[in-house]
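I would like the entire structure built from these sequences, with the hints used as guidance.
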Amino acid sequence: MNLTEEQLAKGRKRFLEGYPKIRLYIDALTQQEADAMGITLERLRETETMRYLRKVADATGIDSTELFWSGIADTAEELGQMLERQEAAMNLHLEI
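Numbering (my numbering), first residue to last: -13 to 82.
These aren't lab readings, by the way, just hints derived from the structure by calculation.
There's no promise every hint is true.
The calculated lysine-lysine pairs, modelled on DSS-like cross-linking and capped at a C-alpha distance of 25 Å, are [as the list claims (entries may be wrong)]:
{"id": "1", "residue 1": "Lys(-4)", "residue 2": "Lys7"}
{"id": "2", "residue 1": "Lys7", "residue 2": "Lys41"}
{"id": "3", "residue 1": "Lys(-4)", "residue 2": "Lys41"}
{"id": "4", "residue 1": "Lys(-1)", "residue 2": "Lys41"}
This is the structure:
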């Protein structure tokens, strides 16, 4: 499933809103740290946000994709539709 940059940003934003301690860490990342890695500060923050999302998902036993998409979806119905489309796409690719 292809997500727009807007959807990706929305998912990251909502995840961080739910985890203020992680948000403090993300907000504290510096340009110097990004420069040392050869990436932009925005990219570093995006990457670290997703890394922590995976950690939270692992710690809570939730699929990381579902956790992320729950931040993108505005309703439970929308999340269900997203998950159904993902499952249909996976089944299509698994058919030989």
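Taking the hints in turn, this is what the structure says about them:
1. Lys(-4) to Lys7: Roughly 18 Å between the alpha carbons, so the hint for Lys(-4) and Lys7 holds.
2. Lys7 to Lys41: holds (14 Å)
3. Lys(-4) to Lys41: holds (19 Å)
4. Lys(-1) to Lys41: holds (16 Å)
Of the numbered hints given earlier, the model fails none.
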